[in-house]
Amino acid sequence: MRLILDEEQSRLADSVRALLADHCPPQRVREVMADEGAGFDRLLWTRLAALGVTGLLVPEESGGAGAGHVERGVVLAELGAALAPVPYLASAVLATDTVAALGDDALAEDLLPGIAAGQQTAAVAVADSGGRWGSSADSVQAARDGGHWRLAGEAAFVVDGPSADRVLVYADHGWFVVDGGAVSWRPSRTLDPTRPMARAEFAGTSARQLPCDDPAGVLEAVWHRAAVALAAEQLGGMRRVLADTVEYAKVRVQFGRPIGSQQAVKHACADLYASCEQAEAVLWHAAWTADHDPAALPEAAALAQVVLGPAAFDTAASGLQLHGGIGYTWEHDAHLYYKRAKTSELLLGTPADHRARLADALSI
Numbered sequence: 001m002r003l004i005l006d007e008e009q010s011r012l013a014d015s016v017r018a019l020l021a022d023h024c025p026p027q028r029v030r031e032v033m034a035d036e037g038a039g040f041d042r043l044l045w046t047r048l049a050a051l052g053v054t055g056l057l058v059p060e061e062s063g064g065a066g067a068g069h070v071e072r073g074v075v076l077a078e079l080g081a082a083l084a085p086v087p088y089l090a091s092a093v094l095a096t097d098t099v100a101a102l103g104d105d106a107l108a109e110d111l112l113p114g115i116a117a118g119q120q121t122a123a124v125a126v127a128d129s130g131g132r133w134g135s136s137a138d139s140v141q142a143a144r145d146g147g148h149w150r151l152a153g154e155a156a157f158v159v160d161g162p163s164a165d166r167v168l169v170y171a172d173h174g175w176f177v178v179d180g181g182a183v184s185w186r187p188s189r190t191l192d193p194t195r196p197m198a199r200a201e202f203a204g205t206s207a208r209q210l211p212c213d214d215p216a217g218v219l220e221a222v223w224h225r226a227a228v229a230l231a232a233e234q235l236g237g238m239r240r241v242l243a244d245t246v247e248y249a250k251v252r253v254q255f256g257r258p259i260g261s262q263q264a265v266k267h268a269c270a271d272l273y274a275s276c277e278q279a280e281a282v283l284w285h286a287a288w289t290a291d292h293d294p295a296a297l298p299e300a301a302a303l304a305q306v307v308l309g310p311a312a313f314d315t316a317a318s319g320l321q322l323h324g325g326i327g328y329t330w331e332h333d334a335h336l337y338y339k340r341a342k343t344s345e346l347l348l349g350t351p352a353d354h355r356a357r358l359a360d361a362l363s364i
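Using the working numbering, the first residue of the sequence shown is number 1, and each one after it goes up by one.
Keep in mind the hints are simulated off the structure, nothing from the lab. It is possible that some hints are incorrect.
[To be verified] No farther apart than 16 Å at their CA atoms in a straight line, the calculated lysine to aspartate or glutamate pairs in the EDC-like style are these: (1) K266 to E247; (2) K266 to D244; (3) K339 to D192; (4) K342 to D314; (5) K342 to E247.
[Stated by the list, open to error] Pair ranges (Cβ atoms, derived): (6) A274 to A21: 23 to 33 Å; (7) D353 to S261: 38 to 48 Å; (8) G103 to T46: 28 to 38 Å.
Where is the CB? At the ideal position from N, CA and C, for every residue including glycine.
Let's have the full structure, built from the sequences with the hints guiding it.
See the structure below:
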């Protein structure tokens with residue numbers, strides 16, 4: 001098992017970081033965030049596709065890179081550090097992993113080449129208004145209409161839903177795919193303004209049922225991989241908060257000397273560093289497990305969220321506090337990382353849910 005990136009993976013991180021530094025500065029994130037009609041930065045998405053990272057887990061025969069979860073984690077960490085306004089989690093993670101778990105060749109041919117090329121995006125609807133993973137099976141009903149299927153009901157907290165070309169829906173009769181334009185969308189007002197979410201409303205919406213012998217098993221498989229991917233994004237945010245906080249402690253002068261010279265601030269920054277190091281080890285263990293030991297993934301994925309979710313939020317909260325008054329202003333970016341950390345901590349379930357998953361995986 002490798003807990004340190006190899007040379008090729010480090011170069012991948014450098015390439016994505018350089019691209020984001022040039023094309024995704026904080027002011028660009030705020031521009032997209034303020035433009036409710038934009039959905040996401042399409043030009044940045046195209047540039048990421050040209051770099052070959054939007055289809056990292058897409059097989060080569062479908063136009064992707066055929067890479068692994070470690071490589072995707074490398075990219076997600078950089079995107080999380082920049083709060084990049086692109087539908088990577090929705091399309092390159094949730095949708096791509098759902099297609100892989102379903103094993104439907106026709107669906108793969110329809111979706112994956114477009115996602116890998118940056119020409120198409122997809123979203124996954126799996127929660128009801130309570131936000132519980134998989135609860136959309138209770139709130140979305142599928143019924144036959146002649147030789148076709150139609151969906152009724154609603155799914156909530158769909159990440160990057162309104163901008164998606166296709167939506168994969170977990171309903172009471174299994175998995176379905178619908179055209180994004182056929183869904184009625186209502187934007188969700190969430191704590192995090194940098195990650196669009198919406199409520200999908202179905203009113204006799206035409207859908208295609210996807211062949212699947214074990215819909216719940218697919219749901220679980222997608223959660224495990226999504227937990228690892230989200231943990232990578234959370235680690236990226238932690239790294240950025242640590243770097244920004246340490247830099248601020250060096251330059252902020254109070255009572256005639258930098259606040260970083262104060263023992264309390266030193267200790268707080270050291271705690272942030274230790275938390276990042278521990279989180280990084282847990283993440284790369286989970287990503288390696290996803291690539292090389294799938295049987296152990298349920299335990300590793302649950303552990304990743306048990307550790308990374310609270311750690312990312314605690315890091316963001318400490319960073320906000322250490323910035324003092326300026327960190328609480330709208331103009332400073334500290335609150336954006338704080339809000340992203342809290343919503344991410346709850347995106348795939350509550351911390352209690354993750355601990356219960358880990359206990360089940362450990363048979364305790």
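Structure-based check of each hint:
1. K266 to E247: holds, 12 Å
2. K266 to D244: Given pair K266, D244 holds - Cα atoms ~14 Å apart, limit 16 Å.
3. K339 to D192: Holds. K339 to D192 sits at ~5 Å (cutoff 16 Å).
4. K342 to D314: holds, 9 Å
5. K342 to E247: Violated, at about 23 Å.
6. A274 to A21: 23 to 33 Å: At 27 Å between Cβs, range holds.
7. D353 to S261: 38 to 48 Å: For D353 and S261 the Cβ distance comes to about 42 Å; the hint holds.
8. G103 to T46: 28 to 38 Å: holds, 29 Å
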